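Engineer: Please construct the entire structure, taking both the sequences and the accompanying hints into account.
Each chain, letter by letter, is given below.
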Amino acid sequence: MEHLAIPLLNGVVYGLLLFMVSAGLTLIFGMMGILNFAHASFYMLGAYFAYALQGAVGFWVAVAVSPLLVGAIGVLVERHVLRRVHRYGHAHELLVTFGLSFIIVELVKLFFGNYPVNYRVPADLDFAAFTLGGLDYPAYRLFMGIVAIGMFVAIYLLLSRTRVGIIVRSAIHRPEMAEALGHNVPRVFMGVFGVGAAMAGLAGAVAGAFYTTSPNMALELGVLVFVVVVIGGLGSLEGAMLASLLIGVVTSVAVGIDATPADLLVWLGAGDLAQDAAGILSLKISSLAASLPFALMLLVLLVRPSGLMGEKE
Amino acid sequence: MKTRAILLAAGVAVLAAVPLMLPDGLVNAAISMLIAALFACAYNLLCGYAGMLSFGHSAYFGVGAFATIHAMNALGGAGLLPTPWMPLVGAAGGLLAGLVAGWFSTQRTGAYFAMITLAIAELLHAMAPQLKSVFGGEAGISSMRMPAWGLTFGSTVEVYYLTLAWVLASLVLLYLLTRTPLGRLALGLRENSQRLRFLGYDVHRISVLIFALSGMFSGIAGGLQVLSNESANYVVFDTSLSAAVVLNTYIGGVHAFLGPALGAALVTFFGYAVSDLTQSWLLYQGALFVLVIIFMPTGLAGLLALAGRFVQRHGLRAAAPGAGLYLLAGACYAAAAIFLTELLQRLFSQDYRSLAQAAGAWEWPAVSLFGREWPPLGVTTWLVPATLAVLGWLFWKMAAAAVGRLRDAAPADRAPAAGAMTERRLT
Amino acid sequence: MNAPVLSLHDVRKSFGPVDIIRGVSLDVGGNERHAVIGPNGAGKSTLFHLVSGQLRPSAGEIRLGGRPIAGCSPQAINRLGLARSFQITNLFPRLTVFENIRLAVMRPRGLQYCFWRLADRDERVRDRGIALLENVRLSHRASAVAGELSYSEQRSLEIAMTLASDPRIILLDEPMAGMSREETRYTTELIREVTQGRALLIVEHDMEVVFTLSDRISVLVYGELIASGTPEEIRANPRVREAYLGEEATA
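Chains A, B and C supply the protein sequences, listed in that same order. The working numbering puts the first residue of the first sequence at 7, with every later residue one more than the last. The working numbering puts the first residue of the second sequence at -6, with every later residue one more than the last. The working numbering puts the first residue of the third sequence at 46, with every later residue one more than the last.
Keep in mind the hints are simulated off the structure, nothing from the lab. Honestly, I wouldn't trust all of these hints.
Interface residues of chain B toward chain A, partial, derived using beta-carbon atoms under 8 angstroms [said to hold, decoys possible]:
| hint | residue |
| --- | --- |
| 1 | Ile109 |
| 2 | Leu111 |
| 3 | Leu116 |
| 4 | Gln123 |
| 5 | Ala236 |
| 6 | Ser273 |
| 7 | Ile287 |
| 8 | Ala359 |
Which chain A residues face chain B? A few, computed with CB under 10 angstroms, are given here [said to hold, decoys possible]:
| hint | residue |
| --- | --- |
| 9 | Phe43 |
| 10 | Val91 |
| 11 | Phe104 |
| 12 | Tyr121 |
| 13 | Leu240 |
| 14 | Ser293 |
| 15 | Met303 |
Bear in mind the structure is a predicted one, so any value in this text is a computation, not a measurement. We put the CB at the ideal spot given by N, CA and C, even for glycine.
Structural biologist: Here is the structure:
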């Protein structure tokens, strides 16, 4: 039982982290129809800004300020880049964000070097929360999870209970109508983009200390975030949460499994099939863990193309 | 029409003469340029013609590459096919991979489609290191070209001509494909796939077919690369190759058939030429791409076409000052950006930062750039890019004025504005 | 014609709690020209969407030539012999007029997967395309870009594309919108000519067109058919006058 508890917990925390990043992406897509390729690079910027500020103002201020900086960049990007290509259609918007993601990664390499930087968990958070099965469970992981849940609650309340939230939701469904009613829809777009970027930045600022902070982190997470929104359904916050947790748990649990699919077949009583197993079936599930999210995505596409909680296209 | 035929013939002649004019090292670069050009045109069938933006196209290039390397090693090293026919295996691999991946991807459109293509490529990238027998692990798989048809295929020149033949043949086939009913339907898919449904077409099946054909030609490119390098490695499934083909294609221009080839050739060439000189080559590529997308969506090919029409309308002598000024402006802006980037790159490099820390706050050492020393706190250092930028702005204004005068002098013409380059008619 | 080529039976469509179509039953004979009229928002376009496969009915039956087609895909319905035009221009905007009509013509010729022959070489496709364009008086604009045509020229192209598959029944959604009197007269005659031996279901606001062209008229108000019959019967029907024609008379 203990063997399962830790990977499960890790999976939930990682899933919550994925959610922090994909929530912004799914909101931006739901509202503006733009798939922001650069979203994962906002995550990376969050980590790097926090790292850069940490020396001067300490960990807590850095983690608080970094998302604001990233949000500001998001606003600038929307105002000066995205708006210019809006008239050319969604394909161009997609390409621009793709180009931006490229540029942001290269700029990070320019200013910070093409290698991981030493952004670490601060000493006062570097303790074990509890022990499970002889292993210490880092408190920082719980901290990440708490930040993610806090963010989800805040966004949910903001969207459903406040006046701003109502305006944002109306702009998602009927931008022309919202504008006709006098709301400044372009400003709403700008705000949503900025908030989405800030959310990703917060995720980066918090996670970068625990995981590696390097120019690669944008890509590694970026693809997973896309998988999350395909599985969860673009535009659905609940779908993003569900899919993030699913992927987080499945990946974390799989990493700990040293068995192979062939063993699984034996366990299921299909030993003969396992006999002839070669190639994929004889690989350890732990090695396949990285490919599982993509396989899941393809499965969802087969069975339920609009995602677990998405609307039919 | 005739000018086009003459230009094409001249281009082919130049390409054929390349090994006679250049040293081996550059011939290798030319081979890479040809392969990149084919890959970009294959990609454009899906992206520019059918309007489906794939961000994971390296998958089909890679599958073609690995299929070819295994074919080369088959039958105890003798090879499944004679060397000149090897790219056919790449084609088969790319076609098959394209069919399967296309079936999944084309279930959705737009952003979803893009994400699925990315995820499929990443799936391959994640699984490849694990399947060592197929993909060879860290070191990859190597092979040797076998002699055939009286040639040893040991020299770069022979490989160049083989590559050239395959690339030219493939480009011709691709072009003809765009003129078939299926090729016309690709345009219909891009313009209005919904209407195609109401006209009775099975849009999904057509999309899968086009995807598979694009994969097939990408597989040929992958096979050619393997023939040239005599090795295949799973890094080919990296996103950098997928990203590169997107950038190359759009920089070249998606609305002209040879646009992507032009973009790929230029970018590959510059990559060879400058990658030793600067660490920030990818940054320049990305910046060029974003500039093209925002200001010149028709790409370099579109720009050339625009310039060509402009010269035709006003004559070379009249058009020259305006065009020259624009070029000058562009050069100044580029120089300013490059200077700034290279300066910053050196200032922030690890070596410099340790030097700076050792030297203390106001004693930072000078940065060596373009053969001169630039003190980081010196005024001249920052004045250079600033002046260049201002010069660029001035030249730009002068160019716009010159062009404006020309246009006012001949008001009957409907010349498109230099800033708004939207493509109205597409073939 | 004995058996109707298109028949709707108690068709309903709701979007959530909103009922758009509330039980429409309608038959169109194989040779019949049938107009659907009604005030704006009555659900005429929705009816077209239901018949052509864009929407699935919430309840009720739709049969084409006796075959149930409710909820079938648009391409399947088209292949069974139904073609429609669109109220909002739905062309291939950046392609030429000729390319537009060629795309419509290729499918009935079975050329959808053909990648081994050049499209330009296919004379039958080209001739059929040009003939269709001549019918709608667009052959002189064959190399113009579709998105740059005038509104009425685009409507004509829509009609030409709808006819390309030689359908059993044609659905025309406000084909005359934006046309001048002369163009309207020409197009009405054209429609009468090309619908010989075919069924036609047409939505139009121009009453002159409706009354001269149609064999039967149905009146749709708030998702329900309040009357259906010959032009004379409709003209005399008091409910219709009140709901619709009365507004026309005073307008």
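Engineer: None of the hints should be skipped; say for each whether it holds.
Structural biologist: A quick look at each hint next to the structure:
{"no.": "1", "hint": "Ile109", "result": "holds, 7 angstroms"}
{"no.": "2", "hint": "Leu111", "result": "holds, 6 angstroms"}
{"no.": "3", "hint": "Leu116", "result": "holds, 4 angstroms"}
{"no.": "4", "hint": "Gln123", "result": "holds, 5 angstroms"}
{"no.": "5", "hint": "Ala236", "result": "holds, 6 angstroms"}
{"no.": "6", "hint": "Ser273", "result": "holds, 6 angstroms"}
{"no.": "7", "hint": "Ile287", "result": "holds, 5 angstroms"}
{"no.": "8", "hint": "Ala359", "result": "violated, 19 angstroms"}
{"no.": "9", "hint": "Phe43", "result": "holds, 8 angstroms"}
{"no.": "10", "hint": "Val91", "result": "holds, 6 angstroms"}
{"no.": "11", "hint": "Phe104", "result": "holds, 7 angstroms"}
{"no.": "12", "hint": "Tyr121", "result": "holds, 9 angstroms"}
{"no.": "13", "hint": "Leu240", "result": "holds, 7 angstroms"}
{"no.": "14", "hint": "Ser293", "result": "holds, 5 angstroms"}
{"no.": "15", "hint": "Met303", "result": "holds, 5 angstroms"}
In this structure, the one hint that does not hold is number 8.
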